[in-house]
Structure formats: structure tokens, C-alpha cells
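Student: Chains A and B, in that order, give the protein sequences. Once you know that position 258 of the first sequence is 258 in my numbering, the rest is easy, because the numbers rise by one and skip nothing. Once you know that position 158 of the second sequence is 1158 in my numbering, the rest is easy, because the numbers rise by one and skip nothing.
If you're looking for bench data, these hints aren't it; they were derived computationally from the structure. Keep in mind the model is a prediction, meaning the values are calculated, not measured. Treat each hint with caution, since some may be false.
From the derived model, a few chain B residues whose C-beta atoms are all more than 12 Å from chain A [as the list claims (entries may be wrong)]:
#, residue
1, L1054
2, E1168
3, A1169
Derived list of chain B stretches under chain A, where covered just means 3 residues or more per stretch with a C-beta under 8 Å from a C-beta of chain A [what the hints assert, rightly or not]:
#, stretch
4, 1155-1166
5, 1230-1237
6, 1254-1267
The beta-carbon is built from N, C-alpha and C at its ideal position, and this holds for glycine as well.
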Amino acid sequence: MRRYIVRRLAQALLVVFGVSLVVFFVIRLSGDPTFLLLSADATEADRARFAHEQGFDRPIHVQYAAFVGRALRGDLGRSLRYRQPVLPLVLERLPATLELALAALVVSLAVAIPAGVVSAVRRNTAYDNLTMLGALFGQSMPVFWLGIMMILIFSVRFELLPTSGRGGLAHLVLPALTLGLYSTARVTRLVRAGMLDVIGQDYIRTAWAKGLPDRRVIFKHALRNTLIPVVTIVGLEMGTLLGGAVITETIFAWPGLGRLAVTAIFQRDYPLVQAVVLVTAMVFAITNLLVDLLYGWLDPRIRYT
Amino acid sequence: MPTRAGAIGLAIVVLDLVVALFAPALAPHDPLDQDVTRRLLPPAWLAGGGRGHLLGTDQLGRDILSRIIHGSRVSLVIGFLSVGVSLPVGVALGLFAGYWSGRFDDVTMRIADVQLAFPFILLAITIAGVLGPSPRNVVLILAVGGWVVYARLARSQVLSLREKEFIEAARSLGGGTGRILLRHVLPNVVSPIIVVATFAVAQMILLESSLSFLGLGVQPPTPSWGAMLNDGRAYITVAWWLTTFPGVAIMLTVLGINFVGDWLRDLLDPRLQSV
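Chain B extracted, bound-state conformation (with noise of 0.2 Å):
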């Protein structure tokens, strides 16, 4: 059974995907449709609040609830695509670096060092401003961003289980290295990866969305929240909830995986502290 905050956790997150896969069904509106007449109207529940418009209209008249609900989905694709992306990569170079130790590991581990060494956010700006933003790259950033997690994690329990007796039985009977990793070793790995992976889109969403807010992650008009809260900075002083609800949905989306991801630890692996 899930802890109080694992079960919050899951309802967010499942809330989410719902949202996400039933985002026409659901949004009130077309989330690209403009209505100049319409535009800046406070959310319902206030004095001049545009009836229709639950959570009030953006600069250029469109529904802030339904680019809310649509947005859902550039998140949610993003985060879990680029841990999709990042995590096969990098706990295979991680089981390959433990496991045939030598060259590779150093200049696998190395590289890792310089990564972690870095502060990922500059070096993602420089490449999306190079290659020009758009969902795919993004994707790509952050996976560029992810893989060193999964590929250390991965070397170290291939250190720590290389010498165990069953791995020595099964290398005796002949099998080959990419049966053993595969067969022997990678199960062995599963559940703290399990682990960082779910802590990793939480953190993979959090990316996107500053990537979008700075204009360099999905482009308009599609909605995203991190390129909403770029667009209402713009009418702070007269349109708080412009910049308020986007903010909203990203925390609350990442508080959940979150919690998810502390319920997991707890159920799978003890022993890993806070990630």
C-alpha cells in the first residue's frame, strides 16, 4: 500500500495522464483559439470574470484552462521521452564501463565527471540555441543531460556483483557477456533505477519548462507551460493569472512524480538516501 503522500502522488500523476490522453475531450476550448474581444478576462470566480473561461483568458483572448490541460501533454511526452531516451543509453555504457572496466570505463567515467561537473542548464541553453528549439531537440538535450545517472548507478552494482559467485558460474558456463549483463546482472539493477528514473522525469519536466519559459524549448502557439508563464510576464501587473496557474500545473505535476518517487524508494530500496 502507498504511504499518504504516495497515494497523492499517484492520483496526481494518473489526474495527469488522463489529461493528457483526453486533453481534446476534456479542454472547454480550442486552446488555439483567438477572440481579441475576449482577451485578459480575470478567472470566473472574480468581479469581471469571463463566464466559459474557468481560469480566465491570455493576452490574445485563448482559454487559459484549456492551454493548461493541452499543455499536460507537451510535459508529460517530453519528460518521460527524454528519461526513454536517456536511461536505456546510459545503464547500458554503465554496465559495459563496470563490467569490462579498462579504457572504456575511464572514458566513459570521465566524461561523466565533466557533465556532473557543469551546470547542465548553460551548456542545454548553448545547444538548443545552436540547433535551433524544437520538441525533438529538447528531447534530445535532455537526455544528452540524463544518462549520467543511469550509467553510474548501473557501473556500480556491476562492480559490486562482478565477483559474486553467480556470475562467475554462469561466465564458467560460457555464457557471453551481453547474456550475462543482460541475464544475470541487469535485474539486479532494476529497482534503484526504477527509482532515480521516476525522480528523473520529475526533474526532466522541470528542464523543459525552463527551457520554454526562456525560448528556447517549444515554440508558440503550441501550448506549453513553461512558454505560458514566458508569455504572461509580459502582463504581470495587470494579469496575475497568466503566470499563476502554468506554475501551478508544473508544481504540482512534480510534486506528485515526486512523492511517487520517495514512495518507490521506501518500497524498493531502503538504503538509497535522498537522490
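Looking at chain A on its own, in the form it has when it is part of the complex (with noise of 0.2 Å):
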């Protein structure tokens, strides 16, 4: 056990080592960084100092050490905008996102889970054919468009909803059934398959052969071991839930990471875009560890190897 947490850890670890290379390397290869990371009325003194100070003089590789070095020290650096350490900025706005994320895939599961089990109990009615129509219709609309949708409607329309910003729950439930309609698509898709799968076993056979009353067998036998693998995908809905949130975010001026990382990019801000890249990477190679812990405790036959 201790060594698989391990190994994760370090598979985790290989991730934001990954991302923070790629980043890192895009933002100076693509020209000379002084003028991604200075502001455009720097006079030429000021790049060459920026330039020697940052160690822009040196090899990319003694800058690569250099800057995992501080990284490791929790130094991302400077913004240029807020001319103050990037980290504390980009950590202020996390729970932010935590919230809306969390908060899309709690709408998503709660209507994926009952939709899907119907969809499969009732295959080939009526009502499994309108829910996977409408899980491709949710698959195949644009996250932003949405979101505008959402607005237009509850908003403008009807003026139930406050378009954008943050606050008490009136807030939240546009822009978490916004970015969780996909997933919530997603995962439907995805119980209904598992449930499928799960009733042409025996035990559930046995079970209705047993004469026990179809809710017992459905959530008792059938659904439980359908979870196991949704619990997988939770992992990587997070991840599309934190991407998700980018463009989410943006729309409905919600003060998270994805806007924060969409204005620093047009504020050519790049200390903050690669300290949020790098946090996100973070989040989620923590997330992606908590949920295969999850599952190991849920489906006590996984062994950690």
C-alpha cells in the first residue's frame, strides 16, 4: 500500500514535472522571453538587465535548473501585472475554482447516476432513447455557448439568475450546471453502459431468480458494482471539469484560476500563466491519487502493486 502511494506520488511528481518543462520551454523558445515577460515600454537597458537578472543569458538547461530550484522553494516567480510573488495569486483564487468544479460534478453525478440506471433498466424505451438523444445533444454543445444560453434564458429572460460573479448559491448554479452538462452527459452514457453490462451477469440472475423486489436488485446488486468504474472516470471528469472551468469562468466572471489564467495570458503576464498551469497540474494529479485510493477502498478486491 505504502508503496503504491508512493509510486503515484512520483507518478504525480512526473506529471507537473512534465508540464512545468513544456511550459517552461514554450514561454522561451518562442523569442526573445523579455518581451513575453516585460512590459512593451521596456527600453532596451531594461531587457538587458531583466534579461541577466531572470539568467536569460544562460544555457536553457542551468535555467531550467534554476527555476525548478526556486519552484521547489515555492518561488514561481513574480507577475508583472500585480507586481507581486505569482504563487499567493494563483492560490487565493483556487478554492474558487475548487468550488465551481466540485459543485459541477456533484449536479453532474446526481443526474447521471438516476438517468443512466433508468436508461439501462428500461432499455430501448422511450425514455432511454430520449436520454441518449440527450446525452449526444450534451456531448456536442459547446461549453461557452451554453453558458451564453443559460444566461439569455435565466437571466436576460427571466431574470432569475445573476449572470456573473461570485457569492451565495444564486451565484453557483449557473456555472456549475453549465460546466457539469458535459460531463453529466458523459457519465450517463457511461452507467448506462456499466448497468447494462452488470445485469447480463449471473449473480444478478441468481438475484432475480431469488425473487427479490427489482429496486433491491437494481441498487442493491446491480448499481454498486456499475459505481466501481464510474468512480474512475470521476478522476478524469475532474480534469475535464478544471479545463472545462477556463472558458466557464470567463463567461459568467467567476474569479477562479481558468479567468485568472485567460487575463494573464492577454495581460502577456506569463510568470502567472505558468504558475496557474502548474498549480492545475497540481490539483489534479492530487485528485487523480485521491480517487484511485477511493476505488481501492470501494472494490476491496484492487490490490495497490
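The two chains are supplied separately, each in an independent frame; assemble them into the complex guided by the hints.
Tutor: Right, dumping it as C-alpha cells:
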């Protein structure tokens, strides 16, 4: 068990390391980094001094080593726009994104699991066909368009919910629904497929044959076994949700990591972009590790080796 | 015969292709033609709707229908092109990785793992921000994001075929690696790859529209569905048609391609579950 956790942590580190490598080199190899990292009105002398300070005049592998060294001490550089260390800026925005992603996850599971179960149990009925068609629509809709349509209907037309910002529950509803729809559609299809698989198994037939009530067979015998693969997907969905948050936050002016990243890119605040990307990679790696451990807890047959 | 959904999907895709191909002939107006006296006209069937502007006009008085018709070119070209670039690269990497195993395999698959373990859109906007937005860069970025699926698929096929007798036979007859992979392994990978690639086109169209929506993809004044949505956002309270119709265009296109993908999957490779 402990060896497994250590190995998974090593893998997570590898991911964060890989992402840092990509971001670092993309920013530096795209030309003179002083143009990316300094404001446009910097003079030639400013650039030279900054290049020397940041070590841009040294070989790139030395630069990367220095960057990693500082990063390990929690120093990811200073924001060009806010003129302060980037890490606290990013961490300050993290709760908002986590709140949004978790709300979306809860919404999508709460809708998808019952919808998928009923679809599988009533397979090939009108309900099933309609649900599957809805799921296909859900997977084909661009997140940003859905968000705009939500605003159009619920905020502009009926004036029920606020269009933007973070606050109480009312502010969370539209962004969470928007962000969660794609995952809802995907998980519904997955639960249905998993449920159909399980229903075909011998032990379910036995349970029916024993004359157990439908409810008991479906929820106790079938659903429990269906949920195991669903848990794995939840880990991956977190990635989809964190990615989707970039767009959802932009539409609803939600003060999270995604919006920070987008504004930072337009302000050419690359130290900040770099930090957002790295922190997101870390959050995602940790989520996946937790999901993996949860998986083993739910299904004792799984051995960590 | 396609299923009903497959047929609908096919019809949508064909319609899209025809519209994109003959855009200048089909569009009632020049998509770039501005006319401030006719700005923000509602769709023709509504009160005050602009004559000759079926879906209304935008904030610069440009015809929305014409812009959607021309926008189909951007979506389809970028969607197909990015798959066209990432597919051969991914398949080749996967075939060699599976066939050679060893270090090349390790490195390729680790890179794939890292990439899958990260929300791609964040990397995409970073790269787009650094490289600067242009259609070429969008294709490049999407291709970078897309190769992993093909590589994994091709690799898994090679691994299962590598020890089969017919490959053994080809090898003992003196067939080189390239020949074996191309003539004996590749044909066995084609159908699952076609299925995956179909869904990928839909995915790429969605990603392109997201990038353009964020202002990091295709730039104005070139009509692109994502960019039109971005433009229309500022007028959401006064002109719903600016944001509604381009989104419908994206959704129908993606839905159509997904329908075709579902149908192809059932037809070519029933074992492939939802990908």
C-alpha cells in the first residue's frame, strides 16, 4: 500500500515536471522572453538588465534547473501586472475554482447516475432513447454557448439568476450547470453501459430468480458494481471540469484559476500563466491519486502493487 | 445502411461540406460587408426584422447567415486539417513504439500519459497566447493535443499482433520493420482509427471554437463561429440572435459528426465502447 502511494506520488510528480518543462520551454523558445515577460514600454537597457537578472543569458538547461530550484522552494516568480509573487495570487483563486468544479461534479453525478440506471433498466424504451439523445446533444454543445444561452434564458429573459460573479448559491447555479453538462452527458452514457453489462451477469439473474424485489436487485446488486468504473471516470472528469472551468469562468466572470489564466495570457503576464498551469497540474495529480485510493476502498478486490 | 441517427448525421455533414465548398455562391451577402444603418437587425420573421437578412445582422450590420455560411469553412478546414496532421503522426509513433518496445516506447507513452493527465485547453490557450493567434497555430496546437489517442490505439494493436504467426512469417521472409508495419499491421488498425478520428474531428471543431471564442483562435474579421459568439456576448441583452445562431451551427455540426461516429463504430468495430 505504502509502496503504491509512493509510486503514484512519483507519477504525479512526473506529470507536474512534464507540464513545467513544456510551459517553460514554450515561453522561452518562442523568441525573446523579455518581450513576453516585460511590459511593452520597457527600454533596451531594461531588457538587458532583466535578462541578466532572470538568467536568460545563460544556457537554457541552467535556466530550467534554477527555475525548478526556486519552484521547489515555493517561488514561482513575480507577476508583471500585480507586481507581487505569483503563488499567493494563484492559491487565492484556487478555492473558487474548486468550488465550481465540485458543484459541477455533484450536479452531474446526481443527474447522471439515476438517469443512466433508469435508461439501462428500461432499455430501448422511449425514455431510454430520449435520454441517450439528450446525452448526445449534451456532448455536442460547446460549453461557452451553453453558458451564454443559460444567461440569455435565466438572467436576461426571466431575470431569475445573476449573470456573473461569485457569491451565494444563486451565483453558483448557472456556472455549475453549464460546466457540469458535458460530464453529465458522458457519465450518463457510461452508467448506462456499465449497468447493462452488470445486468447481464449471472449473479443478477440469480438475484431476480430468488424473487428479490426490483428495487433491491437494481440498487443493491447491480448499481454497486456499476459504480466502481464510474469512480475512475470521476477522476478524469475532474480534469475535464478544471479545463472547462477556463471557459465557464470567463463567461460568468467567476474569480477562479481559469479566468486568471485567460486574463494573464492577454496581459502577457507569463510568470502568472506559468504558475496557474503548474498549480492546476498539481491539483489534478492529487485528485487522481485520491480517486485511485478511493477506488481500492470501494472495491477490496483491487490490490495496490 | 446507416441507422436513422447515422443517416441524419451523414446528411448534416454533407450539408456542411456543400455549404463550406460553395459558401460564396450560397451566402446572400458578403460576410464582411458592414452597414451601420442596418446594425443589430433582428431575424426576418420578427417585428422589425431586416429584409434580406434571414438571421438578422450583427453590431456592424453584417449579415449573420452569410457569416455562418462562411464560418463553416473555418470550422471544417481546421477540424479536418488538425486530425489530418495528428493522425499520421500519432499512428506512426504508436506503431513504432509498440513494435520496438524498449526506450522509445517508454518515452513516447510517458509523454502521452503526461499529456492525458492535464486539462489540454489550459495548455492550448498558453501556447496560443505565446505563439500568437492564427489559423495555422490553431491547427498546430490541436494537432499537438490530438496525437495521443491514435498513438495509444495503434500501439495496443501492434502489441496484440506482434507475436501472431503472419507477422512472424513476414519477418522470417525478410520483411523490414517499415514493410511489416505498413503492409501487415496498419491494415488491422484502420477501422478503429477511422472511428476514433471521426469523433476527433468533432472534438477539434469544439476546441477550435473555444479558442476562437476566447480570442485566441481565428481572428476578426474572418467569420468563425466561435469568434462570432465572442462578439455577440457584449450584445446579449439586446440581440440574442448574435449568440444563438452560431452556437446552433456548432452544435449541429458536432452532433452530426458524432452521429456518424456512432454509426461507424457499430459498423466497423462493435467491440469499441464509447470513446
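Student: Give a verdict on every hint.
Tutor: Hint check:
no. : hint      : verdict
1   : L1054     : holds, 20 Å
2   : E1168     : holds, 32 Å
3   : A1169     : holds, 37 Å
4   : 1155-1166 : violated (count 0)
5   : 1230-1237 : holds (count 4)
6   : 1254-1267 : holds (count 5)
Hint 4 alone, counting from the list given before, is not met by this structure.
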